[in-house]
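Here is what each chain is made of, one letter per residue.
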Amino acid sequence: MEIGSKEELRVLLEHAGYDVPDDELDGMLRVYQVTQERLKVLHAADLDDEEVAGAFSPKMTGA
Amino acid sequence: MATSQSELCFLTIGEASALIKDKKLSPVELTQAYLDRMGAIDGKVKSYVTPLPESALQEARVAEADIQKGNYRGPLHGVPIGLKDLYDTKGVRTTGQSRVFEHRVPTEDATVVTKLQEAGTVLLGKLAMHEFALGGPKTSLFEQAKNPWNLDHVTGGSSSGSGAAIAAGLAMGSLGSDTGGSIRGPAALCGIVGLKPTYGRVSRYGVLPLSWSLDTVGPMTWSVEDAALMLQVIAGHDPKDPTSSREPVPDYSAALQTDLKGMRVGVPRHYFFADDVGLDDDTRNAIEKGIQTLKELGATVQDIEIPSLSALTPANGIIMLAEANAYHEKNLKSQPENFGDIVRSRFIMAASYTSADYVQSQRARSRLKREFAEALQKVDVMAMPVMAKTAAALKDFDPMGMMVTPSLMGPFNLTGMPAMSVPCGFSSTGLPIGMQLAAAPFNESVVIRAGHAYQQHARWHDQRPSV
Chain E
0 MEIGSKEELR VLLEHAGYDV PDDELDGMLR VYQVTQERLK VLHAADLDDE
50 EVAGAFSPKM TGA
Chain R
0 MATSQSELCF LTIGEASALI KDKKLSPVEL TQAYLDRMGA IDGKVKSYVT
50 PLPESALQEA RVAEADIQKG NYRGPLHGVP IGLKDLYDTK GVRTTGQSRV
100 FEHRVPTEDA TVVTKLQEAG TVLLGKLAMH EFALGGPKTS LFEQAKNPWN
150 LDHVTGGSSS GSGAAIAAGL AMGSLGSDTG GSIRGPAALC GIVGLKPTYG
200 RVSRYGVLPL SWSLDTVGPM TWSVEDAALM LQVIAGHDPK DPTSSREPVP
250 DYSAALQTDL KGMRVGVPRH YFFADDVGLD DDTRNAIEKG IQTLKELGAT
300 VQDIEIPSLS ALTPANGIIM LAEANAYHEK NLKSQPENFG DIVRSRFIMA
350 ASYTSADYVQ SQRARSRLKR EFAEALQKVD VMAMPVMAKT AAALKDFDPM
400 GMMVTPSLMG PFNLTGMPAM SVPCGFSSTG LPIGMQLAAA PFNESVVIRA
450 GHAYQQHARW HDQRPSV
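Chains E and R supply the protein sequences, listed in that same order. Per numbering that gives the first Met the number 0, the very first residue in the first sequence carries number 0; after that it's consecutive. Per numbering that gives the first Met the number 0, the very first residue in the second sequence carries number 0; after that it's consecutive.
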């Protein structure tokens with residue numbers, strides 16, 4: 000399957016529970032491809048031992 | 000006080016509050032002037048989706064009576080404001096400008112709404128926005144606001160009505176919300192001031208979320224002084240918001256100085272002025288002149304490097320949409336037809352992200368925070384453009400536009416830093432341009448100081464659009 004293809008996007012979204020009409024999928028494909036390119040760069044970045052930004056605190060419970 | 004409607008509606012909060020305090024300006028007279036102006040021109044600007052004329056006049060009468068009795072509450076007492084339609088207002092429909100929430104009437108006020116009420120503000124109404132704080136000019140509910148400098152152009156988003164209302168003299172102050180630039184973008188394109196505070200500085204309780212870990216609440220006003228006055232009221236810890244900070248709130252008015260002696264300004268030129276940003280000539284020239292003015296006011300200016308900015312900034316969009324998908328998932332599946340096309344497709348597309356994408360984005364955020372912290376050892380404030388271009392014509396709006404060019408605002412959502420847009424000139428076609436100023440977390444005072452000194456010197460805010 001081609002990376003960033005319409006078929007790939009359809010399968011991913013169906014797996015997530017979304018049945019997207021074909022014409023709408025056409026419109027989403029360009030955004031998907033741009034996003035995939037950027038994700039490639041993001042995953043290629045050497046983040047060493049950097050942890051996730053949002054730190055969980057057991058005291059943060061809200062009202 | 001015998002003054003024309005436009006003179007009253009073009010007062011700043013600072014100017015009006017001094018008159019109100021001295022009982023030289025009646026909050027009822029002021030509110031009526033705004034309501035009259037809304038009746039006269041908001042049919043063209045479309046900044047309000049739910050005007051509240053009766054309750055506004057009632058609130059103004061109460062404010063006036065309190066002030067007459069000597070119970071003056073402070074600089075926002077009797078000041079007419081508008082709120083983006085994602086702030087919960089008890090008994091008043093709050094829609095996020097989406098058909099999904101067309102009939103949603105909150106039973107409780109957002110914390111910031113309560114704070115503004117306690118400060119004595121007068122709520123003129125709820126303001127237009129891009130659907131669910133994302134979208135574009137076309138939404139599933141209500142018409143979209145127009146840019147008062149040219150009604151054929153966009154306002155920017157998502158706080159579209161907030162930007163338009165302030166620029167058109169249809170509110171003295173407003174609140175926007177900013178997840179990837181939704182305060183600063185429309186502020187720049189509408190020629191007003193927009194301040195995104197530090198993440199956690201202002202409570203998000205009762206604000207419809209786009210992204211829990213990125214959303215910030217902040218003022219949109221005509222002057223930097225007004226933004227400081229509004230921030231003073233809304234800032235502070237809220238036990239109802241688990242991400243709300245206990246960091247002490249300083250006196251922001253103390254930062255309203257008119258010189259920048261000793262201030263160190265950094266320009267991350269390698270990213271914000273890079274070719275792929277696509278700065279238009281008018282914007283580039285205006286920002287360069289703005290930076291030169293900061294120097295003339297006593298600041299030292301140097302270029303700075305944030306090494307990973309280009310590679311890691313897209314994390315903002317990944318986090319934003321992944322969290323938005325989680326919040327809207329049930330409605331996206333049960334009533335997709337009630338979302339506007341742009342919002343629906345982008346929210347749904349986030350379901351294609353993997354857990355690794357989201358986690359890597361949150362790790363990228365940590366790295367960028369570290370790199371910005373290192374740069375902020377060398378400088379006090381950063382200066383750069385807000386937007387690459389001035390407001391597009393409505394007919395030319397491209398929802399893909401912001402997807403394919405680097406985000407100039409997202410870095411400060413990722414890092415949680417405070418950032419402001421302050422007007423810095425006009426294009427050859429008369430459209431406003433904004434300069435972005437950012438500082439270390441919880442250092443809003445530095446941003447306010449730089450913005451105020453610049454504004455008082457440059458005086459772009461002396462010009463008003465003719466609607």
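The set of hints was computed from the structure by calculation and includes no laboratory data. Please note that a few of the clues may not be correct.
Once the Cα atoms are required to be at most 25 Å apart in a straight line, the calculated DSS-like pairs of lysine-lysine come out as [unchecked claim]: (1) R:Lys388 / R:Lys45; (2) R:Lys43 / R:Lys294; (3) E:Lys5 / R:Lys294; (4) E:Lys39 / R:Lys332; (5) R:Lys260 / R:Lys294; (6) R:Lys45 / R:Lys394.
Pulled from the structure, derived: some chain R residues nowhere near chain E, Cβ distances all over 12 Å [stated by the list, open to error]: (7) Ala17; (8) Lys89; (9) Arg92; (10) His102; (11) Thr242; (12) Arg268; (13) Ser307; (14) Ser309; (15) Asp340; (16) Ser351; (17) Ala355; (18) Ser360; (19) Gly415.
Please read these numbers as outputs of a predicted model, since none were measured by experiment. Ideal placement from N, C-alpha and C gives every residue a C-beta, glycine not left out.
These are the hints, each one checked on the structure:
1. R:Lys388 / R:Lys45: It holds: about 23 Å lies between the C-alpha atoms, which stays within 25 Å.
2. R:Lys43 / R:Lys294: 40 Å, violated
3. E:Lys5 / R:Lys294: Not OK: Lys5 of chain E and Lys294 of chain R at ~51 Å, beyond 25 Å, violated.
4. E:Lys39 / R:Lys332: 29 Å, violated
5. R:Lys260 / R:Lys294: Roughly 9 Å separates the two Cα atoms, so the pair holds.
6. R:Lys45 / R:Lys394: Cα-Cα ~17 Å, so holds.
7. Ala17: The claim stands: Ala17 of chain R keeps its Cβ more than 12 Å from every Cβ of chain E (closest is about 37 Å).
8. Lys89: Correct as stated: the minimum Cβ-Cβ distance to chain E is 16 Å, above 12 Å.
9. Arg92: 24 Å, holds
10. His102: 25 Å, holds
11. Thr242: Non-interface label on Thr242 of chain R violated, nearest chain E Cβ at 7 Å vs cutoff 12 Å.
12. Arg268: Fine: 21 Å to the nearest Cβ keeps Arg268 of chain R off the interface.
13. Ser307: 7 Å, violated
14. Ser309: 8 Å, violated
15. Asp340: 8 Å, violated
16. Ser351: 4 Å, violated
17. Ala355: The claim breaks: Ala355 of chain R does not keep its Cβ more than 12 Å from every Cβ of chain E (closest is about 7 Å).
18. Ser360: 7 Å, violated
19. Gly415: The assertion about Gly415 of chain R is violated, with a minimum of 9 Å to chain E.
Hints 2, 3, 4, 11, 13, 14, 15, 16, 17, 18, 19, counting from the list given before, are not met by this structure.
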